[in-house]
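So you can see what is in the structure, the chains are spelled out below.
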Amino acid sequence: MLKRHPLLAYYLRKFAAYLFTIWGAFTITFFVFRMLPVNPIDSWVKALERQYAAKVEGGGEMVNYYKEQFGLNGTLPEQYVRYLYNVLIKQDLGPSFINFPTKVQDLIAQRLPWTVALLGTSVVLSWVLGLIVGMLAGWFRESRISGALTNVAISLSQIPPYLIAVFLVLFLGYQLRALPYRGAWDAQYPIGFTWDFIRSALTHAILPAMSIVLVSVAGWILSTRSLIITILGEDYLTYAEAKGLKTWDIMRRYALRNAMLPQATALALTLGAVMNGTLLIEILFVYPGIGELLSRSIQLFDFNTITGVVLLSIVSVMTASLLVDLALPLIDPRIRTSIQAA
Amino acid sequence: MAEPLAQPAVASSAAQAAGTAPTGAPILEARQVTKEFVIGGNALRRGRIAAVDKVSLTLSDQPPQIISLVGESGSGKTTLSRMLLGLTPPTSGEVLFRGKNLNGLTREEWDLYRSQVQPVFQDPYGIYNPFYRIERVLEVAARNFKLASSRDDMRQKIEEALRAVDLRPTDIIGRYPHQLSGGERQRVMLARLYLLRPRIIVADEPVSMIDVAVRTLFLNILIDFRDKYGISCLFITHNLSTAYYLGGRIMVLCFGRVVEQGEIDTVIRNPAHPYTQQLLRSVPSSDPDKRWTDKMDMRTVERPLTHEANKCVYIERCPFAMPVCSQQRPPDYEVNGSQRSACFLHDPRYAGRVREA
Amino acid sequence: MRFLSSSWKNSGKFRFGVVTLAIILLIAIIAPFIYRPIIGNVSPARPGTFRTWEPPSARNPFGTDGHGRDILTDFLAGLQSTLAIGFIAGFMATSFGVVVGFVAGYRGGRVDTALTTFANMLLVIPSYPILVGLTLVTPQKTLLSMAFILALFSWPFAARTIRAQVLSMREQPYVELAKVSKQRDLAIIFTEILPNLMPYLLMGFAFSTVGAMVGEVGLAVIGLGPSDIITLGMMINYAQGWSSFTRGLYGLLLAPIGALILIFVAITMINRGLEEYLNPRLQNVTGK
Amino acid sequence: MKTTSTPAAPAAPAPARRHDGAQRELLRISDMRIWYTTVAGEAKVVDGVDVVINRNELFGLAGESGCGKSTLVEGVLRLIKTPGYIKSGQAIFYRTSPDTGQEIGVDLASISMSEMRRLRWSHIAYVPQGAMNSLNPVMRIEDQIIDAIIEHSKVSRREAREKMLERLDMVGLPASVARMYPHELSGGMKQRVTIAASVTLSPELLVADEPTTALDVNVQRVILQELKDIRARLGLTIIYVSHDMAVHAELADRMGIMYAGVMMEVGATGDVFKDPLHPYTQGLIRSIPDIGKPRVRVEGIPGLAPSPLNWPAGCRFHPRCPFAKEVCKREEPKLAPLDLATIAPQAQRPGRHAAGRSVACHLYTEKWNE
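Chains as they are written, first to last, in numbering that gives the first Met the number 0: chain A, 0 to 341; chain B, 0 to 356; chain C, 0 to 287; chain D, 0 to 369.
Please note that a few of the clues may not be correct.
[Claimed, not checked] Sample of chain D residues with no beta-carbon within 12 angstroms of chain A, all distances over it, derived:
| no. | residue |
| --- | --- |
| 1 | HIS151 |
| 2 | ARG160 |
| 3 | GLU225 |
| 4 | ARG296 |
| 5 | PRO301 |
| 6 | LEU334 |
[To be verified] Computed, partial: chain A to chain D, Cβ under 8 angstroms:
| no. | residue |
| --- | --- |
| 7 | TYR188 |
| 8 | GLU233 |
| 9 | GLU240 |
| 10 | TRP247 |
| 11 | MET250 |
| 12 | ARG251 |
| 13 | ASN257 |
| 14 | ARG333 |
Hints in this document: simulated from the structure, not taken from any laboratory.
For glycine and all other residues, C-beta sits at the position ideal for the given N, C-alpha and C.
Hey, can you work out the whole structure from these sequences and the hints?
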């Protein structure tokens, strides 16, 4: 049956590769952390002692009890199988160290909106901006401005947002006091759909978002520009011009439409990768997102939270690329026919 | 239109293989060679198409001869050449070197095969590694085939080879590929063959990317190779006029099958297969007084050719198609002397029932 | 290497990148001659050579940091070690990536699928948590161990680009001609394919070096830098957020960040110059 | 798409119409130079071309690759992109204004791009060299044709659609093609769609740049046949650019042979083939293999095609010319009408006539016997 439906076979193959890669990546992460020669419970107990400045008695059986709680007992393969059982069947990522006994999935659910809001919007914003500016830079590439703009984009594209953030905070936040640069909203306003809270949350998001946008918009400008330059060299562009169409129509219906597909795919893949986020940005701005949760859980070797967040990131990246693989044949007739032929 | 000739004499397959009847043992021979590729067909039918479908040909150097293999794009001529060069294994049928199957050759036999069968590839711009100077191609050949005793012996042989193809060594040696024109690069390829002195050259559309004026220089060298050095050549092209200029025999390939073969002058003067007839009617003549008068029906060109095993490949387009053409694959019929055509028109049993297009 | 000379001739970006990088490397090389007079022959990383948080003075042009170290020395030694980690990690990642890329690209078949899936898995895992985990655990964090850990996660990038190039080069007519001229597989790889890969190798090396330095900064900033040396990332950590500003010691934070940005820009410009050599259409003013 | 037009050219005068015998001029190109700025200096791809195209004529522009023929037509159509630019020269196009029917001369080389845009498709149509992929891969065939119709003739979408279907039928394509995407068509069909699209607004001039090079010989035969029908039916003037001399023999009324960026010879097709004047034309025609003629060994034209970065001094063909003399190395011959009275005795041929023929070669000037 598979032989006769190449499209179905294509989808099944893609789905199988998707599952296999997720499983593989997850297994590597799981074992890398669990094999680290560190006893998470001791470091946790030490953290408690520091917190309450008191010695904890009767360590022995208490340690075993907590090990069992956190699923750290038994041999590694047992832990692995138990963890998988919990995750797949009971959707339970286990308790977290950081604020025991809250479940990891609740912690993630609490912090996910902040990361998605901050990173999601800045990536989409830089995509739209990058597409427009990149298009113009590619189309009018003889002009001096587009040359200078491209050089700026090239320099910015590889710099980690973190370093840009420091400069932004130094000038806008620190010197001019124009924008807040700590936390995600002003503590005095309770969380809720009140205007104050939203306004404060927005102002707090400006600096972190700007540092992310500045870097990723540069990347989008470059990729769109080289895409447009290739399209400009195509015969159908010359033919469109020879038809005497207005420049704006040619730009919109011939150049941009051909650039749309590859850039939309790239956006889907980048959005998928938004999860591993820019951890340092969240640390610098003390932003309560997934990245900040991850960095604190690593310090304390909170295996469950680490594995939970990493799993989430892997799944989101792979799902994004799977969706793109599934959608492509439907959107682009050329790919559909090539699959049927291949 | 050429009248289909009367006497039927179906060429038996054995005769067919040796049909070209060169006196010496064939150096390179293809017997019922087929190459199938898997294509998805449409969403319902997943088929395998035979890009090359049971082709037999023999190449020998007694007497040295040029055989032109003429076919449109997609007719399988490049796949056939790659099989003859041992670069692609056939799905069925055999490629024989001096009577022995290619994949059964021992190390020494393989070396001998390489030294006696050499290619000229189509793309003069991709054949040279941009990293090296142009003469490296000649040095590698001289070194690997142990043609020179010392460095200056090699240098001297390379210069002689370049002069043999009308190139001044001072213009060529030391320069990089991108500094030479397409014509010059293809002639350096011929200089390489001059060094190696193979028995058979398999040239896959060597002149399709060069200008006409320079093209004749290349063709003349091929003719000299045959006459002066006894090197035979399988010349693959889509251009009938170029094939005509070289003379010798012609094999017309249509969608993977040899539909007609014979001496080129007889085939051009009196084409036996409808496909050859249509090809000849489509070639623009360079005489302004002999312009096309008849009108070629669009559909004969647009309708697809078919791969089905028991059908004539040309049936959809053929103005003389008969019921039998869609039931069996036509064998080769002897038309006159060594000219053969795979068409039932030459068989008196069916000749009468021609269905008007 | 012709591609280097022609990139230098044709691309302003390439020239800018090479010159800037050369200056930075020069500073890193002559660094000891600058900071020896200031701190004597004591290890730059040793705390307590001076009093802490001294304002800029003749002896300490940038003042001193919270551990009593001269900030200028921190910067110069930091520059040396960050560059060292970056280039060593870059070299390890690229060489491993090239081997994997070549084997997968040229051999093809099951080996190719296995290696590519493994590389894809590594690419999908967010590298940062594992880097942090590994660093936390390594007993003594030397320059080499840091470089190795950083290389662990950047080799798949190099492997992927090299594999793609090898796949396309393998189909080139000049490889077929080599086969027909009795060149053996190894000879084809080293004499036909590898030389044309040089620009891509250099780009892969530059890319992994930048990746490694970014990784080093990321780790050092949260206090996980190597123990016995100073890196630019650790300087940022010493600035402890904004307290260095309140003391007017801007150098502690701005010098490392400025240097890092300059290094990244220089390497990216070199890469871009190479890219434009390989695909001339990308140049700003066409035709040149 | 900035093109630096020549400053000196007057703003679109209405020069007097010249009558060239029965035919009326449609396009007069004078001293056209199109150069490219490259790293290695100025590539003078088109370097001073003079040619006249008459109305309702099929003019064959011949020459080998690199002789500048495609650049010439692209330049006249203002489709050259930097680093190419029109260095100098005029291209007067005598446009019949639809209402008054009166002809107005317009210099295509110097008018503004917006004026040029209005001329395109309604007066001058173009079938590009890569006609196979000049269709937008992500648009249906009908949308790509209708948008041009609506752009120039302000008709409703329904009328435009009918016009499009009528043109598709004219080139023998079924209406179902309209809803298809370009990749679903064969090479030959894509070619015919491009030709149909180009003539939807019945332009006065159609410029076809090597439309059939990438096609098989029988598909080419059908396309050329198509072109002949359309020309007859719409009364088109066509400039057909091709390196294949046999195609010119089949189609062209008059021909121009270009070499090294200049026009070497112009004349009626019959004259050019039967009695080629310029040594280059002679070499070109001699080396065309033709299945009709007896097989004879031909030497082709030895030597190298020169580079546009530095054309040879004097006559550009002299390094490869069997008759080259001192004067050829010094002085570049101008393209001049053949004047039987003044040419040197050994250049005389029995039955040679000079009507409508011009050549750029000292053999045919008084300088030959100095």
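Structure-based check of all given hints:
| no. | hint | verdict |
| --- | --- | --- |
| 1 | HIS151 | violated (6 angstroms) |
| 2 | ARG160 | holds (17 angstroms) |
| 3 | GLU225 | holds (18 angstroms) |
| 4 | ARG296 | holds (39 angstroms) |
| 5 | PRO301 | holds (35 angstroms) |
| 6 | LEU334 | holds (28 angstroms) |
| 7 | TYR188 | violated (48 angstroms) |
| 8 | GLU233 | holds (7 angstroms) |
| 9 | GLU240 | holds (6 angstroms) |
| 10 | TRP247 | violated (12 angstroms) |
| 11 | MET250 | violated (11 angstroms) |
| 12 | ARG251 | violated (11 angstroms) |
| 13 | ASN257 | holds (6 angstroms) |
| 14 | ARG333 | holds (5 angstroms) |
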